[in-house]
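Q: Read off the chains here:
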Amino acid sequence: MVLFSGFAFGQEATKLEGEFKIGPAIILIILLLTFILVGVFNRAKDTKTYWAAGRKISPVGAGMAIASNWMSAASFLGMAAVMYGAGYHGLAYVVGWTGGYVLLLILMAGQIRRYGKYTAADFIGDRYYSQGLRGFGAGLAIFISFSYCVGQFAGIGLMFKWILGIDFAWAVIIGASVVLAYTLISGMLGVTKNMQIQYVIIIISFIIPLFILSYKFGYFYWLPQVGYGSVISDIVNGIAPGAGISAMGHDFAILPSPEFAMPWDPATGQTAFQWLAICFSLMIGTAGLPHVIQRFYVVPRAKDARWSVVWGLFFICILYWSAPVYSAFGKVLSSNPEVGKLAKDAIVVYTAQLGDLYPLVIGFLAAGAVSAAFSTVSGLLVAGASAFSHDLYYNVINPEASEKTQMMMARLGTILMAAGVAIIALLNLGLIAQLVAVAFSLAGCTIFPLFLLGIWWSGSNRTGAWAGLIAGSSVTLVALVYFIAGKFGVTLPFQEFINYYLNAWYFAWLGAPLAIIANIIGSKLSKNKTPIEIKKFLAEKVHNA
Amino acid sequence: MTTQDQYNINFFKPLTEHAKGNKKLISSLAIIWAVAVFGFHFLLIFVTTPTAEQTLDEFNSVWPQVVEDTSAATEMKQTFAKSMLAVLGKNIAVKDNHKSVLKESLSWIVFDMQPDSIKPLFTKEVNDETIIQAAATIGLKAEGFDKIMKDLLPTSLTKVENPTLNAESISSLPPIMKLYLTHNQSFLTDFNFLGFPFHYWYTAQFLLILFVVLCLIYAISIDKLNTKFEIVEET
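Here the protein sequences come in this chain order: A and B. Okay, so the first sequence: first residue is 11 according to the working numbering, each after it adds one. Okay, so the second sequence: first residue is 44 according to the working numbering, each after it adds one.
Extracted from the complex, chain A is given alone in its bound form:
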């Protein structure tokens, strides 16, 4: 009975969501219980375990953790959505969100591990010998983690709504409680162990439907990630109805639609400049996100840090190679206007439904989406909470704090973060969910230059760091003001110009180079040179000189 209960999908898109789906619900509940149990069995005993998993994770395991920490609702649901709506333009996200790892690896990963700190703000405060910068760095880390987190909750809400047929508010409350419970119980170790399990679930649930879709519609199904190439070409040239293949009462057919695959197609309203700017900004943003950088502190050695990125990127790419397949099938399956203009955010799940896949497979897919959002949220909560308790409380406010007090503050920070995010997600302010766009470019404009110059040029000093931060933050502020004004329908001078060149998604193309230049000029002009102990530490510990 359970197996067939979700079977009665209607023919119309309007029925794709709505009612309670028992099969998917059971899968989801089993997954959530597993996450909590894993958290309980891997409980954190001290702050070192809480923040850095006791530095005991293997490179492959750390790679899986990097991948599931990284693959969020945006990767699982959002990327296919952009490609579904804007075709080739969406590939800027695919390339941007993977290419950044190359930079991260060759420029930073091993060095960050050898520097041996717990958090991004820790590095900034130490390297630039400034409590002020440490505080600023912690503030940035909290802001970035926070806005990124809110975006994830939107994804969690969407999937809980689909599975349980409950409203958004309850979906968010349930989701927040579960994530919070196991993050609190376990800290980073439980989180890291969970991330490995979550990776397996994410990737299997994402890929299974692709084999079925490719098989069903007569494409090369042994490797759908290659087989969908013919789907793309067919979309460009059009697919004539025939061979009796149909999906939910409509032919598997489409009129010629080159706009889906051609670069910066006029129909999408996106230009080549925007493609390049998004790609670049996402790349350096990836390499500057606190919760990403923080993953390198959990491996035992610098060598492991490097290999964990190689594995991590490979694991990430498996999903990123697959995501366009959903958008391609989704494009054909929803080509008839009677199916309706689908809610793009859920195109992955809708494509599976339109392809008339077995309901439990779709349920597993939705549960995979929840796992993706959960793994990212837990990483973000740890990153945000550690910025709060370790960088702000322990290092700035109360250096005398005992181990026990620090643990308490870490847990308090996690609760505050989760509660704050849940409240804001409950208010369902579209604006704040969109701040995740700003998070990438903000990280690229501020944290990335500090790490890049901090590691590779001992001449970069406190003055330079402030100059760079101010330059990067100013560009961010301009972009943010115009972004918010645009949302409230206020027109500012040069609105169109700024919206195009300093868009919330990609202002780092300008901000990051400016911040680097400002940092260099500031450092050169300043009389307050980098202290010899820091240079010595950098040369001996970080660069093995």
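Read the hints as simulated data drawn from the structure, not as lab findings. Since the model is a prediction, treat every value here as computed from it, not as a measurement. For every residue, glycine included, the Cβ atom is placed at its ideal position computed from N, Cα and C. Be aware that one or more of the hints could be misleading.
[Claimed, not checked] Rough simulated footprint, nothing fancy, chain A against chain B, three-plus residues with beta-carbon under 8 Å: (1) 61-70; (2) 76-90; (3) 130-142; (4) 184-193; (5) 244-256.
Given the coordinates of chain A, assemble chain B onto it according to the supplied hints.
A: For chain B alone, kept in the frame of chain A given last:
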């Protein structure tokens, strides 16, 4: 060299042989990375030319007779109607305000082709009868792309209120058609590889493979470099 200088870290001025090897490795990988991603896309920008779909040429060829004077033959009007449907078939890619212009123009030309006795049918709500009649006048067959166009009719036809196309639609229609029927194409997009248009394969698959390979090369090379210079990384 003073004690101060021996600790100066600068990527571009490596002090040790190990650092020199490191610099060479990182620079090479970074250059390959940048050329592969940005170089390719600059090339793509450079070589692409806006290319019209066949439908746009057909639309442009019948436009003067169909809209500007009323001398058009039935085949021309049918071509016009089909070109509206070809764009409406792009469905999710088409903006709502553009859709309504296309629907209005389609409904108008279908109305225009009807004999006077049937015209009143099209001034009422769209029903099965009008759809069958419209498919017949446009000359849509029951197979191939015609069948898709036929399936589009129920959502594309609207009630006709004016026997003439309004001025606003006349001025906005040609730019709308051009917008949706012109694409940036070149030999890079026309060439087919593993079933993909080449540029799509390059970006969606090859670049990701390249990223993983670059990371692999780096991790292996650094391990070798460290062994060569007998550098032991502390735990």
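Q: Against this structure, judge whether each hint is valid.
A: Now the hints, each set against the structure:
1. Counting residues of the stretch 61-70 of chain B whose C-beta sits closer than 8 Å to any C-beta of chain A gives 4, which meets the bar of three, so the coverage hint holds.
2. Proximity of the stretch 76-90 of chain B to chain A, defined as three or more residues with a beta carbon under 8 Å from a beta carbon of that chain, is established by the 6 residues found.
3. Only when three residues or more bring their CB closer than 8 Å to a CB of chain A does the claim for the stretch 130-142 of chain B stand; here the count is 7, and the claim holds.
4. Three residues within the 8 Å Cβ limit are the bar, and the stretch 184-193 of chain B against chain A gives 6, so the coverage statement holds.
5. As drawn, the stretch 244-256 of chain B meets chain A at 9 residues by the rule of a beta-carbon pair under 8 Å; at three or more, the given contact holds.
Consistency note: the structure conflicts with none of the earlier hints.
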